[in-house]
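Chains as they are written, first to last, in numbering that gives the first Met the number 0: chain A, 0 to 480; chain B, 0 to 480; chain C, 0 to 480; chain D, 0 to 480.
These are computed hints drawn from the structure, not numbers from a lab.
Take every hint as true, because none was put in to throw you off.
No distinction is drawn between identical chains; accordingly, a pair holds when it is met within one copy or between any pair of copies.
Cross-link-like lysine to aspartate or glutamate pairs, in silico, EDC-like; alpha carbons within 20 Å at most: (1) LYS230 / ASP451; (2) LYS39 / GLU115; (3) LYS355 / ASP410; (4) LYS166 / GLU212; (5) LYS426 / GLU293; (6) LYS405 / ASP362; (7) LYS166 / ASP186; (8) LYS327 / ASP281; (9) LYS39 / GLU108; (10) LYS203 / ASP362; (11) LYS138 / GLU115; (12) LYS355 / GLU402; (13) LYS270 / GLU418; (14) LYS39 / ASP217; (15) LYS138 / GLU116; (16) LYS405 / GLU392; (17) LYS405 / GLU367; (18) LYS138 / ASP148.
There are 4 protein chains.
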Amino acid sequence: MCGVFGVFGHAEAANLAYLGLHALQHRGQESAGIATSDGKQLSLYRGMGHVIDVFANPQIKRLAGTSAIGHVRYSTAGGSFLKNAQPLAVDYSEGSLAIAHNGNLTNAEQLRTMLEERGSIFQSASDTEVIVHLVAISKQTTIEDRVADALNQVDGAYSVTLLSQDKLIAARDPHGIRPLVLGRLDDAYVVSSEPTSFDLIGAKLEREIAPGEMIVIDKDGMRSSYPFGTKPRKMCIFEYVYFSRPDSVLDGVSVYEARKNLGRALARENKVEADIVVPVPDSGVPATIGYAEEAGIPFEMLLVRSHYVGRTFIEPQQSIRHFGVRLKLNPVGTSLRGKRVVVVDDSIVRGTTSRKIVKMLRDAGASEVHMRIASAPTSWPCYYGIDTPTRSELIASNHTVEEINKYITSDSLSYLPLEQMASCVSKAKVEEFDPEDGKTHLPVQNEALDKDSFCHACFSGDYPVRFEKQRGPRQMRLLDI
Amino acid sequence: MCGVFGVFGHAEAANLAYLGLHALQHRGQESAGIATSDGKQLSLYRGMGHVIDVFANPQIKRLAGTSAIGHVRYSTAGGSFLKNAQPLAVDYSEGSLAIAHNGNLTNAEQLRTMLEERGSIFQSASDTEVIVHLVAISKQTTIEDRVADALNQVDGAYSVTLLSQDKLIAARDPHGIRPLVLGRLDDAYVVSSEPTSFDLIGAKLEREIAPGEMIVIDKDGMRSSYPFGTKPRKMCIFEYVYFSRPDSVLDGVSVYEARKNLGRALARENKVEADIVVPVPDSGVPATIGYAEEAGIPFEMLLVRSHYVGRTFIEPQQSIRHFGVRLKLNPVGTSLRGKRVVVVDDSIVRGTTSRKIVKMLRDAGASEVHMRIASAPTSWPCYYGIDTPTRSELIASNHTVEEINKYITSDSLSYLPLEQMASCVSKAKVEEFDPEDGKTHLPVQNEALDKDSFCHACFSGDYPVRFEKQRGPRQMRLLDI
Amino acid sequence: MCGVFGVFGHAEAANLAYLGLHALQHRGQESAGIATSDGKQLSLYRGMGHVIDVFANPQIKRLAGTSAIGHVRYSTAGGSFLKNAQPLAVDYSEGSLAIAHNGNLTNAEQLRTMLEERGSIFQSASDTEVIVHLVAISKQTTIEDRVADALNQVDGAYSVTLLSQDKLIAARDPHGIRPLVLGRLDDAYVVSSEPTSFDLIGAKLEREIAPGEMIVIDKDGMRSSYPFGTKPRKMCIFEYVYFSRPDSVLDGVSVYEARKNLGRALARENKVEADIVVPVPDSGVPATIGYAEEAGIPFEMLLVRSHYVGRTFIEPQQSIRHFGVRLKLNPVGTSLRGKRVVVVDDSIVRGTTSRKIVKMLRDAGASEVHMRIASAPTSWPCYYGIDTPTRSELIASNHTVEEINKYITSDSLSYLPLEQMASCVSKAKVEEFDPEDGKTHLPVQNEALDKDSFCHACFSGDYPVRFEKQRGPRQMRLLDI
Amino acid sequence: MCGVFGVFGHAEAANLAYLGLHALQHRGQESAGIATSDGKQLSLYRGMGHVIDVFANPQIKRLAGTSAIGHVRYSTAGGSFLKNAQPLAVDYSEGSLAIAHNGNLTNAEQLRTMLEERGSIFQSASDTEVIVHLVAISKQTTIEDRVADALNQVDGAYSVTLLSQDKLIAARDPHGIRPLVLGRLDDAYVVSSEPTSFDLIGAKLEREIAPGEMIVIDKDGMRSSYPFGTKPRKMCIFEYVYFSRPDSVLDGVSVYEARKNLGRALARENKVEADIVVPVPDSGVPATIGYAEEAGIPFEMLLVRSHYVGRTFIEPQQSIRHFGVRLKLNPVGTSLRGKRVVVVDDSIVRGTTSRKIVKMLRDAGASEVHMRIASAPTSWPCYYGIDTPTRSELIASNHTVEEINKYITSDSLSYLPLEQMASCVSKAKVEEFDPEDGKTHLPVQNEALDKDSFCHACFSGDYPVRFEKQRGPRQMRLLDI
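Build out the structure end to end from the sequences listed, making use of the hints.
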């Protein structure tokens with residue numbers, strides 16, 4: 000998972016990108032970077048870590064220009080190297096080009112082999128480098144035609160921003176798997192993975208960038224085209240369940256309301272007598288509110304999350320390790336004692352965290368613990384940009400719900416059927432509101448959103464884009480240390 | 000505000016202190032430190048920043064020994080220097096001594112003048128150094144008598160842990176203004192500002208350390224005494240409102256339940272017609288749950304907090320600054336639209352944050368915004384260890400509630416009377432539960448808790464301990480850079 | 000200027016490269032890097048700064064394998080970015096390839112344009128990236144043929160080491176402008192810019208790698224070929240005057256003895272009555288010893304060099320700046336007083352440093368100051384890998400010796416004619432000595448070394464390889480910050 | 000060993016201190032610090048490492064005021080902690096006081112015990128803290144009387160600078176064991192361990208601060224007094240042999256000329272037939288020049304020193320370690336081959352370095368290696384501020400010259416008798432020269448300098464100040480990590 004941002008035509012382009020990335024920080028904490036253009040030359044700065052730390056460096060004042068793109072990158076399991084940080088920026092025959100990419104290409108390996116065979120060299124393990132090569136070798140003349148040409152050759156999920164000396168390009172794959180939205184800040188255009196970053200900079204959400212749409216912004220304004228053909232909309236349904244911020248509206252759907260709907264449906268799905276319903280914070284909170292409302296069971300915030308846990312936690316000695324979840328979550332013991340507890344989480348991956356949570360609640364005195372999951376069983380890995388475990392590691396891929404219930408030691412466990420998930424998300428469509436005239440407008444995305452409108456491969460194994468086994472970072476021949 | 004921790008008699012003393020401080024991180028993010036003893040020599044390591052960053056240094060493996068004390072220090076407004084980090088550790092006539100201190104001495108300036116006049120030198124701006132000097136010049140012979148002698152001379156608030164080569168001492172001022180609790184981990188003793196740190200390390204809360212009590216732990220076990228005389232219990236009531244973690248039980252009172260009670264009382268106090276009630280996260284959440292329950296208005300989590308905001312935020316240019324609260328909070332616009340909103344916060348200090356929150360909610364489309372504060376108006380500065388603004392900066396010290404309501408632009412504003420606060424906290428007393436035998440026991444603190452049992456000086460101006468104008472860090476003659 | 004190193008077939012390959020680079024540190028202090036191969040995968044680590052600081056990182060223990068190449072990079076005037084650090088390592092169709100390059104290609108701009116036109120992308124400002132692209136697009140099948148093919152297309156100066164998964168390749172341009180030597184350490188082969196790095200690791204100098212020679216080392220041993228055609232030897236004469244360490248033997252010539260010869264010739268060239276002769280340390284010392292011996296004037300070390308001066312010197316206020324040379328050199332005043340001083344330096348670039356030295360000596364009490372330069376006037380920029388000022392900045396390019404003498408305020412100034420320089424260097428040929436059998440052998444390089452054997456373009460403007468105006472780092476369109 | 004600096008009455012006080020410390024860097028590389036006064040408040044900044052790195056921090060711009068003291072600290076064998084860095088600065092009854100100390104107190108342990116018994120606490124292992132306590136408890140009223148009172152109680156070696164809000168005090172122990180000089184920069188006064196720092200800032204050496212002299216500088220000018228009584232001058236003779244920079248004049252003696260005289264005497268002392276004489280750089284160079292001149296044997300610079308070696312050198316694997324001296328020195332092999340070599344060093348401590356140098360020269364082809372030491376055998380540890388090994392580690396303390404010669408494998412070895420050393424140093428007295436009027440003046444120090452004028456305890460065991468076994472840093476009970 001990653002986040003991308005872009006701005007064109009603002010005197011504070013680098014600062015806006017910095018703030019925009021800040022609001023996308025939840026989409027990636029491994030690295031951050033910004034590329035700007037002053038019309039003649041691109042400038043680039045990238046670093047490992049959180050946006051706030053990377054850009055503490057006073058050098059970023061040298062990020063000159065009125066257009067910028069930015070990127071935050073998710074911490075993946077393998078190695079994490081500055082080399083893989085984005086934006087990636089290169090010189091090629093027509094000038095300089097920077098790119099920030101959210102998603103994953105399913106034919107990167109084949110394209111890479113093809114490109115290497117024609118003489119291209121690769122300096123990173125990132126599939127994003129493939130796109131840049133394809134732009135560079137395109138027979139097209141304009142940068143927009145070259146980008147269209149390149150993206151036409153790649154399969155998979157991509158929401159990308161590209162920056163040349165004088166143009167900002169934003170594009171979304173034909174299935175629209177990853178989100179990408181367009182906004183305005185005075186005369187400037189902004190694009191972002193999520194509209195929450197517009198709130199922070201005071202920009203106004205215009206609309207989503209449609210699946211298959213390519214936006215080109217330059218001094219003459221904005222142009223839209225659909226050069227990648229038409230395919231069924233397949234927005235990642237898990238963006239609504241977990242990835243995106245609750246204050247985002249994606250494809251016309253409120254993430255917060257979608258989650259509440261998921262909670263409500265969950266309450267109807269498998270009723271249980273209980274005294275309280277408790278969320279696994281932070282992502283489980285809206286679903287729990289919906290659950291509590293629907294079930295008429297009091298909502299209580301009895302798992303407290305520590306927000307100071309980072310990644311460099313030193314390994315304690317044998318006798319005191321295995322604090323796992325404890326370091327992030329702690330129960331409010333006195334309020335749990337003797338209570339029948341429903342606990343709501345967004346998903347179960349390996350089952351180990353859920354098992355710890357159940358144990359933690361029981362140790363704190365809960366008399367019953369019923370686990371409710373605001374999504375269907377996660378049974379299949381994602382090949383479109385999310386770092387999930389392999390199929391064999393996903394507990395739901397080879398265990399029944401009852402087996403999982405037994406493993407995590409809960410009194411009962413239930414998930415939400417996929418059809419219901421889709422229905423819950425669809426019902427969370429919002430009417431757009433213009434605070435200036437006080438009127439409501441049509442929703443941003445006005446097509447019907449049924450189950451087929453989403454990519455739900457992680458739940459169903461029904462992959463909208465064919466993928467082939469990728470070589471991936473770990474099979475790369477060159478290792479940065 | 001600060002947090003202190005101590006452990007005696009455990010092979011993993013330094014690691015336990017590290018984890019314990021981690022759970023106290025919310026009490027101070029400026030610096031962290033641990034001192035250990037191996038019976039012959041004390042070892043000390045301190046650094047600026049969060050616990051996790053300070054102790055990323057592999058050198059801490061050299062923190063040898065089976066006893067330890069630790070400290071986290073709050074970021075104060077003035078300067079922040081390593082020199083002021085704690086524990087403070089010194090050599091003196093009887094050996095080495097380390098001290099970690101939560102609180103503030105009200106006669107530090109007079110004692111410092113007296114000590115300087117007799118020839119003492121000061122190397123920090125901290126009033127903690129005064130205590131160490133008093134221990135060093137005491138005519139008493141044992142370390143516990145010296146410490147008792149020293150603490151008998153200081154006024155104000157203190158919850159301290161001290162470590163000599165072979166003893167751990169913990170003491171709490173006679174009013175018991177700051178919390179301090181005692182626990183057991185197998186054969187080892189642990190002390191901490193809050194019991195939540197015991198949960199993390201698997202220790203069991205034994206009881207509070209009583210106001211005026213001094214605990215001495217050595218190889219012969221634990222001894223308790225009350226060498227500082229008896230004074231009325233004056234536990235800081237704001238610990239329940241804001242400082243402590245909701246999963247802590249302090250003086251027999253559940254912080255979480257106390258906050259819910261405050262919210263319930265607030266709902267009864269000044270009723271208002273509204274569609275939803277929204278907390279200012281994170282501290283306002285339990286009170287909002289209580290409010291929603293009592294008022295029968297739906298609870299919604301419509302202000303989203305960013306947990307990635309740190310302290311080194313670069314200053315954006317003139318045209319895009321003043322994002323203030325926005326960087327930490329963002330509204331879920333689509334769910335607020337057209338709604339009559341009650342927003343619950345724990346307190347109002349200067350009023351500027353509340354004003355921004357009201358504006359943010361209105362901009363997001365709320366039709367009415369009613370601010371409810373789960374405490375009385377904060378009108379007086381704290382002299383007992385909390386870094387509050389001066390009286391002139393506290394909006395409630397020189398404005399009526401109606402004036403504040405006007406300033407923050409809310410449709411209505413109400414606070415909770417002090418008497419009600421005390422009553423809410425008192426009602427949150429818990430019966431202790433032993434998971435091993437499944438029985439409930441008497442509460443930790445079994446005295447009645449009326450208004451007079453608390454220090455509420457910040458609300459009432461009724462200071463339990465006389466204070467004199469302190470020279471304070473900024474008037475110190477020596478400045479570290 | 001840069002330094003390169005390589006080792007093949009040693010269990011401690013990375014450590015040997017580290018030590019080897021250490022001994023080449025004088026050839027570049029901006030960045031350092033090492034690439035290793037374990038037969039299947041290359042590993043790479045690079046960083047900004049001195050070898051000792053870059054490799055303080057414990058991660059380098061992960062530089063696995065029995066072959067390695069390394070690089071130190073000179074601090075150039077423009078920007079200094081990690082991106083430009085070497086070795087450069089890439090994946091391409093045949094596997095992975097790392098390269099370390101000392102020199103400068105004179106047709107890099109044309110090749111880059113050609114490569115970009117065929118679709119190549121560039122991620123650095125370095126001309127080394129050109130070589131890698133040429134290897135990648137070569138129609139040849141073996142790595143050695145591809146490298147030969149690539150190097151056949153480049154003009155200019157290059158001494159390179161390349162590492163594939165299973166081969167180490169070292170090559171030197173047909174003119175042999177930059178040095179490159181071959182050695183043995185037990186069964187392992189080593190290559191280096193200078194033999195002084197062999198001393199440090201206990202390796203034995205075998206011979207120079209000849210101009211135009213390409214060495215391929217793999218599990219089957221070493222093979223030599225001359226795939227780039229034959230051209231006149233044009234070893235950089237300034238390597239003897241300044242760049243190389245005095246303990247190096249390059250092309251069969253002792254740098255130390257060459258410098259002494261230059262000093263001797265200088266003493267004969269323009270005799271002056273003087274009391275003492277003083278070197279500008281450190282490079283001027285051997286020439287001064289030669290001068291003192293020939294002229295019969297006592298050698299004195301009266302300019303003391305500070306070895307603690309780094310690059311991050313903070314800018315003092317207006318009133319105390321301009322300490323320039325003072326920070327590096329300080330005179331032994333009491334010993335200079337009333338003395339007629341000959342001061343020997345290796346070259347004059349802009350004249351500002353010489354002017355400061357003359358003033359410093361006079362201020363210290365010298366009655367006369369005669370500047371003697373152990374080379375001809377530096378009048379032309381170098382296009383073969385040394386970062387020299389432009390022609391207009393070189394004082395000798397537009398001033399007579401008398402004008403320079405006046406500018407630097409010396410009592411007299413003389414240089415050494417180019418013919419004499421060549422003769423001095425030639426006379427410093429050494430007979431090789433085998434400490435094992437105690438016998439002397441033929442010198443490493445046994446051709447005659449007259450003036451035409453050297454590149455002396457910086458003195459004569461007689462450039463052995465045609466160059467074209469390069470775009471260079473500052474004209475690159477993409478700027479790293 | 001350490002270096003101290005002070006300036007009073009200059010608008011650029013902090014910058015001058017920074018530059019002054021830079022020129023004293025050879026006296027200590029472990030830590031550096033500066034304290035300034037603006038007349039009301041002292042400011043302090045200290046850090047670990049070289050001056051240039053410590054003061055790269057832009058915070059030093061906050062070192063306000065027109066007076067300053069500074070300190071560089073030598074890397075001692077034990078631990079190195081920021082806490083031990085100087086200046087040490089404290090608040091006490093009369094205001095603030097900062098102190099920078101070069102030397103070592105021989106009765107620090109007794110004073111510390113006395114001070115602890117009266118109730119003082121110690122926060123460092125440094126004996127300098129003792130001085131500050133004595134100032135603080137003094138019954139005297141003025142700061143100068145308090146300092147005089149304090150220093151009257153300490154024994155041993157000290158050259159100190161102290162800074163109060165409005166006064167700069169500099170004092171030197173009655174024996175004058177460590178150097179301290181006074182200079183002028185326009186209207187400002189400067190003091191320093193060595194006059195070489197005056198050269199750098201353009202200040203003029205006025206005179207040495209005499210043994211037992213205390214200088215007080217304030218707005219009314221400078222006052223001199225001798226409050227510590229009169230004792231025989233005992234300037235450390237090893238300052239001339241090794242510690243001080245060759246461009247310094249200490250007590251009227253040119254260090255450079257003293258070293259040349261030592262070399263000359265060495266040449267007369269034990270004549271040997273040889274082809275060349277080679278210094279161990281850098282400290283051995285002037286003595287070697289003197290030796291070469293006296294013996295009529297050519298001076299050659301055939302051991303090349305690497306100036307890039309720092310302290311964080313990573314440990315290479317077993318098979319390639321033990322490069323020891325090699326990393327710092329490398330021989331010019333081709334010029335040593337077959338030569339009879341005299342090698343001149345300043346001293347032999349353990350013998351291991353000399354043994355490596357002899358082996359290195361032989362391996363390089365030298366036919367004979369004669370070691371000449373420009374001082375007497377180092378047989379006794381220093382208790383006056385230099386970190387020397389214990390007596391048992393000093394090879395000369397328990398071996399004859401012949402045994403040492405055998406151990407280091409030289410063909411012959413000779414030292415210089417102590418009487419000759421004293422005579423050589425005495426003969427290097429200089430006449431002062433005023434570049435403004437061109438006249439020579441009386442030397443700074445005009446007493447006779449015979450053997451008894453020096454502290455030569457490290458050679459003779461004849462300690463001028465009685466010392467008692469110190470507790471020292473390692474016996475301190477409190478350990479910083």
